[in-house]
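Trainee: Each protein sequence line maps, in turn, to chains A and B. If you read the first sequence in my numbering, its first letter stands for residue 1, the second for the next number, and so on. If you read the second sequence in my numbering, its first letter stands for residue 1, the second for the next number, and so on.
Please keep in mind that the hints were generated in silico from the structure rather than gathered at the bench. Please note that the accuracy of each hint is not assured.
To be verified - Think about it this way: if two alpha-carbon atoms lie no more than 35 Å apart in a straight line, the pair counts; the simulated DSBU-like pairs of lysine-lysine are: (1) Lys319(B) - Lys41(A); (2) Lys433(B) - Lys42(A); (3) Lys77(A) - Lys429(B); (4) Lys59(A) - Lys39(B); (5) Lys140(B) - Lys339(B); (6) Lys111(B) - Lys95(A); (7) Lys41(A) - Lys444(B); (8) Lys273(B) - Lys319(B); (9) Lys86(B) - Lys236(B); (10) Lys111(B) - Lys2(B); (11) Lys41(A) - Lys215(B); (12) Lys39(B) - Lys215(B); (13) Lys129(A) - Lys18(B); (14) Lys129(A) - Lys33(A); (15) Lys215(B) - Lys42(A); (16) Lys59(A) - Lys444(B); (17) Lys18(B) - Lys235(A); (18) Lys444(B) - Lys111(B); (19) Lys2(B) - Lys86(B); (20) Lys49(A) - Lys433(B); (21) Lys95(A) - Lys129(A); (22) Lys86(B) - Lys59(A); (23) Lys77(A) - Lys433(B); (24) Lys18(B) - Lys49(A); (25) Lys18(B) - Lys111(B); (26) Lys140(B) - Lys129(A); (27) Lys339(B) - Lys77(A); (28) Lys2(B) - Lys95(A); (29) Lys113(A) - Lys18(B); (30) Lys113(A) - Lys39(B).
As the list claims (entries may be wrong) - Partner residues are not named here, just some residues of chain A that face chain B (Cβ under 7 Å, in silico): (31) Met122; (32) Leu156; (33) Gly218.
Glycine included, C-beta positions come from ideal geometry on N, C-alpha and C.
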Amino acid sequence: MNIEQIVKDVLSEMEDKGNKTTSKPYTQEYKNKHIVYRQEKKVGVDEPKNREYVEQVQKETPARIGIGRSGTRMRTKNYLDFRVDHAAAQDAVFKDVGDDVLTRMDLPILHSKATSMEEYLMNLDVGRKLNEESRSWLAEKATKGKQVQIVVSDGLSSTGIEETIPDLLPTLIQGLEAKNISMGNPIFIRKSRVWIQDEVASLVDCDLVISLIGERPGLATSKSISAYIIYKPNKESVEADRTVFSNIHEGGVPPVEAGAYLADIIEKMLQSKASGVKFSQMQ
Amino acid sequence: MKLSCQLRNETYYFNSIKDVLAKASEEKSGDVMAGIGAKSSLERMAAKYTLSELQLKDIFENPVISYESDQVTKVIYDDVSHFVYKEISGWTVGELREYILSHSTNSNDLKRLSRGLTSEMISAVAKLMSSIDLVLASQKMKHQAHCNTTIGEPGRLAFRCQPNHPVDNPDGILASIKEGLSYGSGDAVIGINPNNEAVDSVARLLTMSHEFMQKWAIPTQNCVLAHVTTQMQALKKGAPVALLFQSLAGSQLANDDFGVNQELLDEGYELMKSEGTSAGPNFFYFETGQGSEVSLDGHSGVDMQTLEARTYGYARRWKPFMVNNVSGFIGPETLYDGKQMIRADLEDLFMGKLHNLPMGIAPTYTNHMSADQNDQEIAGMLTTVAGANFYMGVPGGDDVMLSYQDTSFHDDASLREMLGLRPLTEFEKWLEKMGIMEEGRLTKYAGDLSIFD
Chain A
1 MNIEQIVKDV
11 LSEMEDKGNK
21 TTSKPYTQEY
31 KNKHIVYRQE
41 KKVGVDEPKN
51 REYVEQVQKE
61 TPARIGIGRS
71 GTRMRTKNYL
81 DFRVDHAAAQ
91 DAVFKDVGDD
101 VLTRMDLPIL
111 HSKATSMEEY
121 LMNLDVGRKL
131 NEESRSWLAE
141 KATKGKQVQI
151 VVSDGLSSTG
161 IEETIPDLLP
171 TLIQGLEAKN
181 ISMGNPIFIR
191 KSRVWIQDEV
201 ASLVDCDLVI
211 SLIGERPGLA
221 TSKSISAYII
231 YKPNKESVEA
241 DRTVFSNIHE
251 GGVPPVEAGA
261 YLADIIEKML
271 QSKASGVKFS
281 QMQ
Chain B
1 MKLSCQLRNE
11 TYYFNSIKDV
21 LAKASEEKSG
31 DVMAGIGAKS
41 SLERMAAKYT
51 LSELQLKDIF
61 ENPVISYESD
71 QVTKVIYDDV
81 SHFVYKEISG
91 WTVGELREYI
101 LSHSTNSNDL
111 KRLSRGLTSE
121 MISAVAKLMS
131 SIDLVLASQK
141 MKHQAHCNTT
151 IGEPGRLAFR
161 CQPNHPVDNP
171 DGILASIKEG
181 LSYGSGDAVI
191 GINPNNEAVD
201 SVARLLTMSH
211 EFMQKWAIPT
221 QNCVLAHVTT
231 QMQALKKGAP
241 VALLFQSLAG
251 SQLANDDFGV
261 NQELLDEGYE
271 LMKSEGTSAG
281 PNFFYFETGQ
291 GSEVSLDGHS
301 GVDMQTLEAR
311 TYGYARRWKP
321 FMVNNVSGFI
331 GPETLYDGKQ
341 MIRADLEDLF
351 MGKLHNLPMG
361 IAPTYTNHMS
371 ADQNDQEIAG
381 MLTTVAGANF
391 YMGVPGGDDV
401 MLSYQDTSFH
411 DDASLREMLG
421 LRPLTEFEKW
431 LEKMGIMEEG
441 RLTKYAGDLS
451 IFD
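Bound conformation, chain B alone (with noise of 0.2 Å):
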């Protein structure tokens, strides 16, 4: 294992592979701030071209968190098919990547290829990537689940009607899912986020939700995001979920901070199988994003890169619907600009997707980080292209209760528009009988909330 390498006049040193893969990393402001990212450009390229020389073995005898410490790292450890890693262990990462880019690479051999890689080989190979690498490879890999539509199907993108309000006012979201579903959104879940954790107040949401999609006989899911215990909570006392959510991070101290663990989110698989209303197989609802270990103080000087594969690599797990990235959510202090942001969408969907996940993205801003609506949209065209399973849909693109900017409904049908895709097979049956969508396109109906009235 070579951990110093030679470039131009100077030697670099790196102390392990944590260190390689975290100054290996684009410059985000999250490894600044931690102290662990690149001193310099030519600091970075050392360590990527270190990092293209190591082999996959030596990133698997040398995960970055112990196996013994973290729970994360167990979980990942234990799900890697050894028959597979056996066969790709003596590889380089340079190899890994031309491997995931080559034409005779096709999307069933990634498949197979993921069940032998370790989520901090999936963050290495991704750091020897470009832009037109990312997304090349995203394409390739395109994977469906099924909780009461299939998402992740050919041709098709979908989209989470969010449709939050700051204080829960029951009839002010409502007018915000019929606008959603006005506008063909609301195919991969109607999803609230709720200003009050109260277990009898997401109780009332769930239902409120659930009643709506029964009267209108709208394919989808509802979910209520509330902490995964709340959901439990209400489920156990016969609220109707039909997908339920949690945010989870790539370390067990984050975890420990967002209050989860595998013990927990087990029992809510089980729970979910026997009272949830969807049919299943995937019942889970995943919300990642780089950056959140660090704002925990829970990175255990990991990059916010690696720690999000990490994340995937736990996600994976419990066979999710849909994992949510929302890097861009938390502020500047881990993404500074537009410029980060981009590049953590692009990254966070090829390495969801290397982990066999149905991924969407998130591309999000606030108004504290330097971005804006145009890197918003650049971000949300580059992911389409790359083929992410759908995307957040809020009303004018400004989510009122958490206070950011999201994907709009106006930004979902185009998106749709500009790719010729369309929204999940029975959703648009619905929205054909509703008068809602002919052929793929919206109607003059489109966009016009009362038509539920």
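Chain A extracted, bound-state conformation (with noise of 0.2 Å):
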């Protein structure tokens, strides 16, 4: 976890927040009366045996130790903190990807089944179908029979979205084209879990399909994706029959990479013209 990284995030969601929330002047005088909130690994330990050595594990886990304690509690500061993290783990679910990030990215939005997040939350099966208006728009509307169709899909986490999205899809549309592969345009479906993919590919006729789709945020990321890939799915496509890659953000796979390696997977996978189990055992 790179917490440098992490704080100039925070602090320029801060700013951007403070612009949009106020019509005052940014002065100095006016940032001097705000606080400003920073999270950094901090020995919270009273008189360590071993300072350094603290400090030092601190560096190798995520996992929130060293904090020390007041009573058998929390310190506030780091109380504060995992209720900061929660906070924006649970923004990543419940918030919408914004239209503008769309937009900016020149994605049709189309829509799953679930009427309400509260609906797509409990009931696995509507985020797995199209609602019928996007289901004809994408018959009458959509590139047809190429060899790739990209499918983004919100999933768990709008964020990953949003700090994903418009740094993986253009190398993964670069990399495909680069190869000579020919692609749909792709396409945003809100509220969309991964079997989604399967219908898409029905309507398109593509040889296959890649859903880009953020995973359930923990408190450390929130920010992860994952592309699923399925070659001709059917009716009778399970589990097993999707190649799946996983931890895609910036601090694990980096996107501009992970969109590289894709291309050459589905490049792979289309020679083969399988996906999933199948595929990694002809490797």
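Assemble the dimeric complex from its two separately framed chains, guided by the hints.
Mentor: Structure (structure tokens):
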């Protein structure tokens, strides 16, 4: 986990929010009135036997260790850090991906059958199917008969999509273009789950579909996404037919690298006409 | 057997005991998703009333999944004491509830009663109980087990030190172990969830934790929570295993998905007797929790709570040292919010104890569920009052490998302090020797992981 990056992110996020919520000029004087929230690893243990050791192991694990205590409870700052991380993770699930991000990426917005976040979370099936309007839009307007169709899904982390897709998608597209692989126009589907890719594939008649989907967020990483790839899905397709690459985020596999890597894998899958366990056995 | 009920101006019909059980459950999102829960609040009450009038023999004669088709049912029925069952077969479920709660029924009576009950009966009676009912009844039952330490003695509360690391960095894991021990957490087990399931990697973590325990003469047990077959392979290669772990479910379908069955667990038990490092006779650590069968599509139309009870009926065959309930780990499609999670924790603790199992609770929440730290702490306090044997101990409550929140080392120490509970006997002596604890309270050295440096 890169602490500096997190601090930078938080600071810039706060500045953005500050700008949005006030019409006052952003002067130095105004800035001085603010407490700036910072998150950094500090030894919180009172008089540790070996402070250097604690500092050193704090670098070796993202676990919240060496934080000390007040009585049997956490210190105030550590407690608030925990709650801030949880709030960020919850927002990543419960907020929608911003329309501006999607417009900038030029992604048409489709919808699953889920009509609310609550329904999406509680009923796995509704997130696996397109609603009628999106179904007919795809049937009429989508580019068909191409080799690859890219689907972007919010899944369980809208933040993951906002932070990752702007870097990942262009490199993936470039990678595929360089290999002369034909593509339909990428689409975004709100409140969708992985299996919706099967329905998309049948509507656009592609050989292979790749879903880029937001992961269930943890406290340490709320920005992670995964790629699920399947070659010619049909009604008999199961989990083992999908190839998955997880942990795509700045602290894991960086999005830019992931795009190039995924393009290579897709090329191999198109050649071997397989994905999932079948594909890995052929490697 | 009466399967319909007139309530207010409506008659409610139920097709089977399975249907009554499902509709009598408190609302859970997993049962709604499976399409088996009550459709209205009054229908739920009609089901509860119908259930209260059913006789135990009605339930005994109609298991929710048949004996012939499901190994879990078979194990449960093969373990029942027919002598005890015959004494109570004419009771209604409502009478069973009153017997359990009565002042004249003590802990030994319940231990004996348990031998005559099937898991469905235990699930049924829990459905007629409120939160205070469940806590009072759970308090009456405290079950002990022995591996290297004795868990479940009165006045004592144990913890699993859970030192996970996202890529199994041994130094990072060791640092978390030291931190947990310095807070008095780890007397139940030092239990590592591995990220890498390769046998060699699992064996390395087992050796590392075993050597650390030996170096500091810590009276506890180690465990690496890989699949049981992986641990058995490591054991056969000479890795030091004190406690053998496996996740279990309440239907054969779901256990097939987990890759476990009776024969395999029997083999694991025998292997621990001959190759394990611990004293025993309790060698198993099981994890369970409402909802796994729904998420694996292996529920067979049975409600989550009844499947959880059946998991305990299955687990008791192997006389585990600890059974940990992790309801809340899966997500909102099974337990939607803090309210559902707290209820599930109370039900599961009671049902596990009525199966004579040494139960612990992991009040947990994921970030996509509508629950937060306050809900989790409430569940922790309530189940401690109800007498759980142990909880998890995670650094700062944040599991950086499994991406969910569980009780922290700080919570562990707090739960002990607020109810005057002590660590397990041998472990407490060790904490005193290390200067971490004095007369049941943490000293100024507690929380300093560098005391092991």
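Trainee: Take the hints in turn and mark each one as holding or not.
Mentor: Results of checking the hints against the structure:
no.	hint	verdict
1	Lys319(B) - Lys41(A)	violated (43 Å)
2	Lys433(B) - Lys42(A)	holds (29 Å)
3	Lys77(A) - Lys429(B)	holds (33 Å)
4	Lys59(A) - Lys39(B)	violated (52 Å)
5	Lys140(B) - Lys339(B)	holds (24 Å)
6	Lys111(B) - Lys95(A)	violated (50 Å)
7	Lys41(A) - Lys444(B)	holds (22 Å)
8	Lys273(B) - Lys319(B)	holds (13 Å)
9	Lys86(B) - Lys236(B)	violated (44 Å)
10	Lys111(B) - Lys2(B)	holds (30 Å)
11	Lys41(A) - Lys215(B)	holds (29 Å)
12	Lys39(B) - Lys215(B)	violated (59 Å)
13	Lys129(A) - Lys18(B)	holds (30 Å)
14	Lys129(A) - Lys33(A)	violated (50 Å)
15	Lys215(B) - Lys42(A)	holds (29 Å)
16	Lys59(A) - Lys444(B)	holds (24 Å)
17	Lys18(B) - Lys235(A)	holds (31 Å)
18	Lys444(B) - Lys111(B)	violated (42 Å)
19	Lys2(B) - Lys86(B)	holds (21 Å)
20	Lys49(A) - Lys433(B)	holds (17 Å)
21	Lys95(A) - Lys129(A)	holds (21 Å)
22	Lys86(B) - Lys59(A)	violated (62 Å)
23	Lys77(A) - Lys433(B)	holds (32 Å)
24	Lys18(B) - Lys49(A)	violated (60 Å)
25	Lys18(B) - Lys111(B)	holds (26 Å)
26	Lys140(B) - Lys129(A)	violated (49 Å)
27	Lys339(B) - Lys77(A)	holds (28 Å)
28	Lys2(B) - Lys95(A)	violated (48 Å)
29	Lys113(A) - Lys18(B)	holds (31 Å)
30	Lys113(A) - Lys39(B)	holds (22 Å)
31	Met122	holds (5 Å)
32	Leu156	holds (5 Å)
33	Gly218	holds (3 Å)
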